[in-house]
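J.: If you read the protein sequences in the order shown, they are chains A and B.
If you want the numbering used here, it's the position in the first sequence, counting the first as 1, plus 21.
If you want the numbering used here, it's the position in the second sequence, counting the first as 1, plus 2.
Fair warning: there could be bad hints in the mix.
Cross-link-like lysine to aspartate or glutamate pairs, in silico, EDC-like; alpha carbons within 20 Å at most [what the hints assert, rightly or not]:
1) 36/A / 298/A
2) 56/B / 200/B
3) 107/A / 293/B
4) 107/A / 299/B
Honestly, the hints are just simulated from the structure, not real lab data.
Every value quoted in this text rests on a predicted model; they were computed, and no experiment measured them.
As a plain string of letters, each chain reads:
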Amino acid sequence: MQTTTGDAPQGLWPKGIRSSVALAFDVDGPTGGAMLDGSIWRNPSFFTLGAYGPWRAVGYLLDLLADHRMPATFFVPTWVLETWPKQMRAIVDRGHEIGYHGHRHEAFWQLTRERQQEVMAQSLALFRRHLGLVPTGFRTPSGDWGDDTIEILLDAGVRYSSSMRGDDRPYFIAHAASGRSLVEIPGRWELDDYASLAYQRNPDYPAGLDRIASYDTTFDNWRREFDGSHRDGLCMTTLFHPKVSGKPGRILLLERLLEHMRAQEGVWFARCGEIADWWRERHAADAEATR
Amino acid sequence: MNAPSAAAHARWPEGRRMALVVTIDLFDDAAILVQEPRMQGRAKSLSVWQYGTKRCVDRLLALFDELGLRASWFVPGTVALGHAPLVRRIHAAGHEIGNASFGCENFDLLHLEQQHRSLLAAQETLAGITGEAPLGFRSPFGNWAPGFTRSLREAGIAWSSSWRGDDLPYFHPVHPLLPPAAGAPLVELPLHYELEDEPYFSFNLFPPVPVGQPRIASYREVLGNWRQDFAGFHRFGLCLPLRLHPEIVGTAGRIDMLREFLSDVLSHADVWPATGREVAAWWRSRHAANEPGHPVDVLAPLHQPPAVAP
Chain A
22 MQTTTGDAPQ GLWPKGIRSS VALAFDVDGP TGGAMLDGSI WRNPSFFTLG AYGPWRAVGY
82 LLDLLADHRM PATFFVPTWV LETWPKQMRA IVDRGHEIGY HGHRHEAFWQ LTRERQQEVM
142 AQSLALFRRH LGLVPTGFRT PSGDWGDDTI EILLDAGVRY SSSMRGDDRP YFIAHAASGR
202 SLVEIPGRWE LDDYASLAYQ RNPDYPAGLD RIASYDTTFD NWRREFDGSH RDGLCMTTLF
262 HPKVSGKPGR ILLLERLLEH MRAQEGVWFA RCGEIADWWR ERHAADAEAT R
Chain B
3 MNAPSAAAHA RWPEGRRMAL VVTIDLFDDA AILVQEPRMQ GRAKSLSVWQ YGTKRCVDRL
63 LALFDELGLR ASWFVPGTVA LGHAPLVRRI HAAGHEIGNA SFGCENFDLL HLEQQHRSLL
123 AAQETLAGIT GEAPLGFRSP FGNWAPGFTR SLREAGIAWS SSWRGDDLPY FHPVHPLLPP
183 AAGAPLVELP LHYELEDEPY FSFNLFPPVP VGQPRIASYR EVLGNWRQDF AGFHRFGLCL
243 PLRLHPEIVG TAGRIDMLRE FLSDVLSHAD VWPATGREVA AWWRSRHAAN EPGHPVDVLA
303 PLHQPPAVAP
């Protein structure tokens, strides 16, 4: 083990814990831009490409997580929940957390306050109806939100977000006007499977149709990300998508990563909600300080 | 997680664990001219794609002969007319010939009626050349209009490999607003980009293919990906459709990579190497319907015709 860097944080985690891992999956399925503009209904190849995630890959992922006794968080657009309720109920039944991710993967930063409120209310109603639960976490679809989004989330009962990219440990996002705050669990593009493995034509992704990366070198990148996060005592979350990294060959890649992480001492594998609760309890003084 | 379930175990003939279907797009320069119209009249660029029929089909045929493997070749009508002796030779070697439309069209740009005519023209052309009407169909760019499933069934097509969304075969429903179709239910053998050669290797400097001019992928790493994809399909007991292009994977430098991969796969006695026609017939004999909630059944009532300019 190499020495930690100069500003390695101390005492971020419960006793005996060096770093935390909050595995997280965005179950986008076929939602997103092409569903929002309606073009997906003329594009069966693209619709079925996306549908593979909730339809098949979630099942493989749940078995993999069970084999390695790993909890995870799944951010689910509620169009996906409405369409495949049985598959989404299995996520909860097998001990994982479910969080908000829009209804059709709406880009919150482009929505009016009223429209954002409608999406949150619609999602809440569907989570209640199909799963009998009220999520406490939110990951903003496509990553950006508006100036008014924090207040909308707090009013909807959201306690944490996993939307930003600019840190490697949780922090508080304050809503100054009301004295409330969200815990933010930031992700990193390096740990987004779109940055290495996603590929589709019509609409093209990547825009320039760059190649699908090597699974072997992708594993090496992700393994190094974990090793660094663990060495420095940080919090690592993932932006994995079942339709991308839950495919049969890539399940083996995730399996290697989980095996590697499981073999280390002092890792806290937790749902995002547990990380957020810990952070709020342990670091409440910081929340005060940010006001 | 290593052992497939009992249901998965009974999924394939003779207790085999998974199915392998090798499909070849014999598109010559037809698809690239549709995909990139600026190719027109550019002999050097077009020769990149014409190299397939010139040299690479023979390399593939020799490899398949060596491995005792039969593939399903999709041929557009125009390519078949331009290379009739070659198509006859592929057919005579025991391979399956499938329909890939008449002019290798992008069906997103055609009305249902035009799609229907393209299908029938290719069906007639291919039957005329090989003496056998195709049972398989591939939409070259992946899509078709609602109602075309009916056209396929009525044309005698029994299977397609065009859409995505699963790692097992599934049935295409007829559009819910249309009357029931004649012919056998249409089986889909869904595709996966990671099991295609084109996303990894296609290249032309200008007009640029792919559009963003990425580097050609490492052969060694692609072989590694395919081996790992195979390991996953094998573990879960699935249907692995390989989608290849002669001019891409049948080059002198890449054929060995394909040989290595296929030899490795075929060294597993529990792999069922089959043509698309055989897998579709097997699936139809064992299943009457899709599992409830299948993506293709979710889509059916929402599927709209292409927005074609008048």
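J.: Tell me, which hint numbers fail for this structure?
T.: Those not satisfied: there are none.
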